[in-house]
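Participant: Spelled out from the first residue to the last, the chains are:
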Amino acid sequence: MDLSLPVIHIQSIYPQMILVLFAIIVVILPLFVHNLKRELLALISVVGLVLAYFSLINLWGQNLTGFNGMIVGDNFSIAFSIIFLVGAFLAVLLSLNTVENEYLNYSDFYSMLLFALVGLLMMVSSTNLLVIFIGLEILSISLYVLAGIRKMRVDSIEASLKYFLLGAFATGFLLYGIALLYGASGSIDLVEIGKYIQANGFSGTFILAGAAMLLIGLSFKAAFVPFHMWTPDVYQGAPTPVTAFMSAGVKGAALAVLLRFVWTIAPLSKADWTIAIWIIAFLTMTVGNVVAIAQSNVKRMLAYSSIAHAGYLLVGVLAGSQLGQASIMYYLLVYTMMNLGAFGVISYLGNSNKQENLNLRDYRGLGFKHPFAGLAMAIFMFSLAGVPPTGGFVGKFYLFNSAIQAGYLWLVIFGVMNSVISAYYYLRVVVNLYMHEPEKEVAVPKASLGLSFALLIAMVAVLQMGIMSSSYFEFFRQAVIAMP
Amino acid sequence: MVPVNYYLIVAAILFALGVLGVLIRRNALIIFMSIELMLNAVNLTFVALARHLHSIDGQIFVFFIMTVAAAEVAVGLAIIISVFRLKGTIHVDEINLLRG
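Here the protein sequences line up with chains A and B, keeping their order.
Mapping the first sequence onto our numbering, position 50 (from 1) lands on 106, and the numbers just tick up by one.
Mapping the second sequence onto our numbering, position 100 (from 1) lands on 105, and the numbers just tick up by one.
These aren't lab readings, by the way, just hints derived from the structure by calculation.
Model, not experiment: these values are computed from the prediction.
It cannot be assumed that every hint is accurate.
Stated by the list, open to error - Among chain A residues calculated to face chain B with C-beta under 10 Å, some are:
{"id": "1", "residue": "Ile197"}
{"id": "2", "residue": "Asp245"}
{"id": "3", "residue": "Val247"}
{"id": "4", "residue": "Ala255"}
{"id": "5", "residue": "Glu530"}
Unchecked claim - Over 12 Å on every C-beta distance to chain A, these chain B residues come out as not near it, computed from the model:
{"id": "6", "residue": "Met6"}
{"id": "7", "residue": "Val7"}
{"id": "8", "residue": "Tyr11"}
Glycine included, C-beta positions come from ideal geometry on N, C-alpha and C.
In isolation and in its complexed conformation, chain B is listed as follows (with noise of 0.2 Å):
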């Protein structure tokens, strides 16, 4: 059987590509797919976690993450398509009317 700490660091590499994605990426949908992976690899985490303690919780936890993480979708999604109607792009650089 695989030991619980191979889940929790491949979980832990996830989570900082994802955060790398955030910082570096300048794309508001590519952004918005490494905050997935952040959620994603939290998924993985109590995952492993729940099975490791053998508890329930974490599971369902993870059902949690997901159904928020839809909900998010759907207004995250909405709010980029208005901007590009607006603005007619999503490059998060060149959303920049607010600065002071």
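Isolated chain A (complex conformation) (with noise of 0.2 Å):
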């Protein structure tokens, strides 16, 4: 008998597992050590997140296979690893605000953020759906119990049901789609299927249906229209660091994952699964947009423009090129500064426990008297605006020029007019802010040290990626996945 070992590597979850240790140690160092200041945990958790970092930098380019082929440490994980690692960074920063830590159990809330990176991180490092479904669900459930951490709050806990009861409802119908898929291919690797099918065709009810249901779990996770419903909802309930940790995080994950699923299939007839990625491409751009329009409360607005970019993001899917995933992971690195910054600046000028300072109508007249939270805000709403030299002009530009060389004229076209509509929720931001006189004396309290230094960093970072895009651009041209 043939008996051969299989290769562990387990370097190759070295990240992953410096962030479990990390997790493990907030949530347990409080029982030991009383009267623990929330700074000192959140230190821990950067020191986990820089470890796990130097740990992902040292496995970049050496392109290992873990665990007999569970595990896969190609630059394309590490980059999409290290820009979910940013994410968390600045969100626990985020957390670091005075006023937001009414009823908020720190130590389970770091904990959990970094669970729920482990689950990203797994999500992203493997072509076996096995894999990619264990990530998923310990990235949704931490997510479920962050979205409720405020849990004597009846909206907090409102968006954790509402966010749990369908994300649920998006498992079982990945799950679905996977046996399905399984059920024609023989195989849960992502890979393989993906050879099944360039074999046999993009045809056959299993292989159909199932693609389309493992599509469906998919979109309810990256919140694609239709399957958005529940976003502004939660994203308005949760705590403002959990729901901009969220809107990137989450997004970037499916996606990493459909890029995977896509690639494996590209060189096929395009005419077979691109349809269907191009009307929900171009549904998620105008109806994010234009329900933005009309909203009142910034956060839910901001949840709206995620689910906006979500579509640019799927314009660089469907451009099915090497191109298309340099630009998706670019983009998604100045999406994750400029949402996690806009969300900070929200927490800086609102007090979001009491639910004051959301309003539009609140944040008239404070440009001048915060110069540092407006400029801030100012920069950050021109960059999801995509108004040069912003990093999001740069990103939009680098996604739209992959999707015209892969000939969607028409889905560019659209995009850029959804990108001319945006301006004015965008702008009108920072109408309020610099130019309407104050209606009310509104209190805005003190913010602490980390959550100045995080917009400070996402506001430098989005203004350096606009201008020194190509060394940025680069980098990820480094991390595409290899020719099939």
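Please dock the two separately framed chains into a single complex, following the hints provided.
Facilitator: Here you go:
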């Protein structure tokens, strides 16, 4: 009997192991040391993030596959993981704002945040649907808890319930899709399924229904239209740092899985599966932007804006090229920066515990009173709208460019039109900040050092990615998946 | 021996019943039970296919689905209890603070 031991390469999951370790430390430490300051817990979490970052950098370029092919440590997964780490880092800093600590149990908060991050990393670093599913569930279950972590507040727990019910519902679809794909191809590995589809064509009940259900499941998680209904409610009700982390992280992970799947069947004739994604991308952009105009609550407006941005990112998926992949990663990094920054300003200016200062009207005249937050918000809004010289502009340029090269001219035209629509509601925030007299005296709580630091980082990064975009883009070009 | 198609059809019917339950029932607990029904339909599909394909992957997948479902139950029931404490109801139509 030929006995060959599988190659483990345990270093391929060092980042995840480090994060799990720190998540456990953060949740256990308060049991032994009383009266721990939450700054210390945040610091421990940041140490974990930094260590995970270095272990990721260490894996760069090695193309390790661990656990007999279950874990893929290619540059693609590392690049996505780094983006998620940046997002989690900013979310930890955001959570340090002094006013939000009411009802918030910080050790649970940081440990759940780190666990969610582990889920994200697992999701992007495998082509095996079993591992992807487990990563997704680690992520989702942590996020259900995080959304409702202010458990004495009705809006927070309501957001949590809605997210939980719809998330679990979506999981059912995702699993059924996996089961059907498995039935057709006999494998639960995306690459193997892709090979089967290439050999037998993108046809047959099992493959078509399976792929559709997989797409539905991922669309729920990434909030693509028409599976976006939960997004505004959950984003509004969840604590601001959680919303910020969710908006960038979950989207990115779902897109990474979608990219891996699409890439394996990309050489196939385009007509079959691209129509579905074309329609979803178009609807997601349009519905997100049009409904965002009608919102008066800034957090809710940003929720719809995040739906619209998922649509822009889908344009890159549709391109089905390595250029498209690099563009998606670039835009996701910019989006993480500007979106977490925008949510940071929201928690800077408002006390979201009491649902104050969340209305656009409350922002009137605050730009001159709080020059730092005002400037930051202006930059993030310009970037979200895609105004040069910010990173948001360059990111959209790369995305649309990749789609044009793949021949999707009309979708790009709709995308640009959407971008124009979105400028209206983004700039309305800036107008309210600077060009209106305040209606009433708005008490703005003192911002913490960590929050200001996070805003500074995000601001600098958004501008730097706009001005010196090519070095970032080159980095992401090395991270695309190789030709199958 | 019962052909694999029969199992798949039963599973598909169970899945559809689960989806229907989620869509038309208004009690959070019943919705949650319907979701569990969907997951079990998937389990049945996996087991049937694993036997049909003579492959072990499907059966292993079922164990993971059951484990994850158990974790989800723990978190989900906790959330539902919290909602009941705050609002005194778990009727989803009455949980409508966030809208717009």
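Participant: Each hint should be assessed against the structure and marked as holding or not.
Facilitator: Against the structure, the hints come out as follows:
no.	hint	verdict
1	Ile197	holds (5 Å)
2	Asp245	holds (9 Å)
3	Val247	violated (14 Å)
4	Ala255	violated (16 Å)
5	Glu530	violated (39 Å)
6	Met6	holds (18 Å)
7	Val7	holds (16 Å)
8	Tyr11	holds (14 Å)
Hint violations for this structure: numbers 3, 4 and 5, all remaining hints satisfied.
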